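J.: Each chain, written out:
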Amino acid sequence: MEKRVVFQSRWLPYALLAPQLAVTLVFFFWPASQALYWSLLIQDAFAARTQFVWFDNFRDLFNDPHYIASFQVTAVFSILVTVIGLTIALLLAVFADRVIRGARLYKTLLIWPYAVAAAVAAVLWVFLLNPTLGVLTHLLRALGYDWNYLLNARQALILIVITAVWKQISYNFLFFLAGLQSVPKSLIEAAAIDGAGPARRFWTIVFPMLSPTTFFLLVVNIVYAFFDTFAIVDAATSGGPVQATAILVFKVYQDGVQALDLGGSAAQSVVLMVVVIALTVAQFRFVERKVQY
Amino acid sequence: MVEQRPLGAVVNHLVLIAGVAIVALPLYVGFVASTLSFDQVTSVPMQMTPGTHLVENYEAVLLHGSTAASKAPVGQMMWNSLVMALAIAIGKITISMLSAFAIVYFRFPLRKTCFWLIFVTLMLPVEVRILPTYKVVAELGMVDTYAGLTLPLIASATATFLFRQFFLTVPEELAEAARIDGAGPMRFFIDILLPLSRTSIAALFVIMFIYGWNQYLWPLLVTTREEMYTVVIGIKRMVAGGDALIEWQYVMATAMLALLPPAVVVLLMQRWFVKGLVDTEK
Chain A
1 MEKRVVFQSR WLPYALLAPQ LAVTLVFFFW PASQALYWSL LIQDAFAART QFVWFDNFRD
61 LFNDPHYIAS FQVTAVFSIL VTVIGLTIAL LLAVFADRVI RGARLYKTLL IWPYAVAAAV
121 AAVLWVFLLN PTLGVLTHLL RALGYDWNYL LNARQALILI VITAVWKQIS YNFLFFLAGL
181 QSVPKSLIEA AAIDGAGPAR RFWTIVFPML SPTTFFLLVV NIVYAFFDTF AIVDAATSGG
241 PVQATAILVF KVYQDGVQAL DLGGSAAQSV VLMVVVIALT VAQFRFVERK VQY
Chain B
1 MVEQRPLGAV VNHLVLIAGV AIVALPLYVG FVASTLSFDQ VTSVPMQMTP GTHLVENYEA
61 VLLHGSTAAS KAPVGQMMWN SLVMALAIAI GKITISMLSA FAIVYFRFPL RKTCFWLIFV
121 TLMLPVEVRI LPTYKVVAEL GMVDTYAGLT LPLIASATAT FLFRQFFLTV PEELAEAARI
181 DGAGPMRFFI DILLPLSRTS IAALFVIMFI YGWNQYLWPL LVTTREEMYT VVIGIKRMVA
241 GGDALIEWQY VMATAMLALL PPAVVVLLMQ RWFVKGLVDT EK
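Chains A and B, in that order, are what the protein sequence lines are.
First residue of the first sequence? That's 1 in the working numbering, and the numbers climb one at a time after it.
First residue of the second sequence? That's 1 in the working numbering, and the numbers climb one at a time after it.
Hints in this document: simulated from the structure, not taken from any laboratory.
Given the structure is predicted, the values throughout are model-derived calculations rather than measurements.
Take the hints with a grain of salt, since some may be wrong.
Calculated pairs, DSSO-like style, for lysine-lysine (alpha carbon to alpha carbon, straight line, at most 30 Å) [unchecked claim]:
hint, chain 1, residue 1, chain 2, residue 2
1, B, K135, B, K71
2, A, K3, B, K135
3, B, K112, B, K275
4, B, K275, A, K107
5, B, K275, A, K3
6, A, K107, A, K3
7, B, K275, A, K185
Calculated Cβ distances over 10 Å to all of chain B for the following chain A residues [as the list claims (entries may be wrong)]:
hint, residue
8, F58
9, I79
10, L143
11, L151
12, A153
13, L218
14, D234
Note that the Cβ used here is the ideal one computed from N, Cα and C, for glycine as well.
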């Protein structure tokens, strides 16, 4: 779509674009190209000597069991966050859609976690599940379940999954609710007249009609779990115990900022860039094809 | 709804109340902890009703910071967060409105190139290119400055895209009429386009304010002096020490203070918030 009516000026459009282009070039293209370049170098910690090594960093990366392990942790983490998060949000949205009185109040009470910073959310949950003081830890102990996420790898993963799901519930809930409200009421009424009960109506009409929303949320949640959960991991577990929760974005930071392995970290950045681009392309492809019945 | 079953309504409300309660649990426990004394917080099990140290704890963190870990007052950190959130929100809206205006309302050489240069930034979150960006900022001498804190996050295509989509829906007749009346492009922009964009601006402002306030990784790298910490970083520094040293009543008071401004923005501007969420994702 293009405008027919346009303004004429030799310099004005460039002046209008200048601020955004300047910021984009300096803080986006320059660093991104640096990352690409660094990923082909080996540098010692004090940047005294650098050596061009072609794709050695990438080869080392995929031969590194820690990196493969980090890939696996990230995969498990993002599947759990996506599946659990979407299930809970869909459940709440279905019930909120059926409620007549107080619907707005429920909505208000469910959307505020979106406003909470990921790191703050992590600290709140760490406090609830703290091995010595946590209120929930105490409850779990009373039930005979020993909880200590500082020692137990599986429990550390559970902690970050809970936090990530909690933080993303508002977002998923709002989109599911909007999706549900756009399902034509006449279809549901017709099914009800034909004798279909609530469960049957949901699985045969509502759920298929929701598929564009579900697919959209699927991609958004995977991207969220891959990239936006750095703060949760760093504030809750710092990747521990023994790297059990070191997801890929956390490892980029850990290897680059803490271990000063610039080449390795840059190579990881490049791998992540490829992942994001693939996800974005997948999203555009499918959104255009409109997943629906 | 199709059929009215009294029992069904009760079940609906019960499920929703359970959901709301689970979602609110960390907030409630955090709030209770922020009103207790150190001895009360560290006694197991912790009491579940608010204590009497609310004013004392909040005053302590706002003016003096925590005593064990980070000694910077949280009041200062809140100010830093506010500056950062406002600068990012206003900066993003300003530069992206201008560039969207140029792309939609002008024809000029390299227009497509400019558009694509901006568009590809959609694909790469800060987390991915964090180290080289840090290096650039360090070379420019912007570590520990508000400029270093905000400028790299202002570069994003989402807002430009949103305004472009919106400008394309503005009726052609308006620009035509403005031209016939002899109004220049900037006059048209300020008198017609800007007032028409009010709801888009409000929606975007809510989203970007929250985004800016809640930033974590970038301020963690770029602030090294305590007086430049944002409140989110301040909390992280407070819990970074050993378990025994953490003064949870202060940490929780700070957490409550950190989540209050964005939560208030979301709740008061709920309509624009929902619009903003939907707009920025399409």
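J.: Each of the hints needs a verdict: does it hold here or not?
T.: Taking the hints in turn, this is what the structure says about them:
About 28 Å separates the Cα atoms of B:K135 and B:K71, which keeps this hinted pair within 30 Å; it holds. For the suggested pair A:K3 and B:K135, the alpha carbons sit about 41 Å apart, so the restraint of at most 30 Å is broken. With a C-alpha separation of about 28 Å, the suggested pairing of B:K112 with B:K275 holds against the 30 Å cut-off. Restraint check for B:K275 and A:K107: satisfied, since their Cα atoms lie roughly 14 Å apart, inside the 30 Å limit.
Distance check on the hinted pair: B:K275 and A:K3 sit about 25 Å apart at the alpha-carbon level, within 30 Å; holds. At most 30 Å may separate the alpha-carbon atoms for a hinted pair to count; A:K107 and A:K3 exceed this at roughly 39 Å. Proposed proximity of B:K275 and A:K185 is supported: the alpha carbons are some 23 Å apart, at most 30 Å. No Cβ of chain B comes within 10 Å of the Cβ of A:F58; the nearest lies about 16 Å off, and the non-interface call holds.
For A:I79, the condition that its CB be more than 10 Å from all CB atoms of chain B holds, with the nearest at approximately 20 Å. The Cβ of A:L143 lies farther than 10 Å from every Cβ of chain B, with a closest approach of about 13 Å, so its non-interface assignment holds. Here A:L151 stays apart from chain B, with its beta-carbon at least about 12 Å from theirs, past the 10 Å limit. Distance check for A:A153 against chain B: the nearest CB is about 19 Å away, which clears 10 Å, and the non-interface claim stands.
Listed as a non-interface residue, A:L218 keeps its Cβ farther than 10 Å from every Cβ of chain B; the least gap is roughly 13 Å. With a minimum CB-CB distance of about 7 Å to chain B, A:D234 fails to clear the 10 Å threshold, and the non-interface call is violated.
Consistency with the previously given hints fails for numbers 2, 6 and 14, ordered from lowest to highest.
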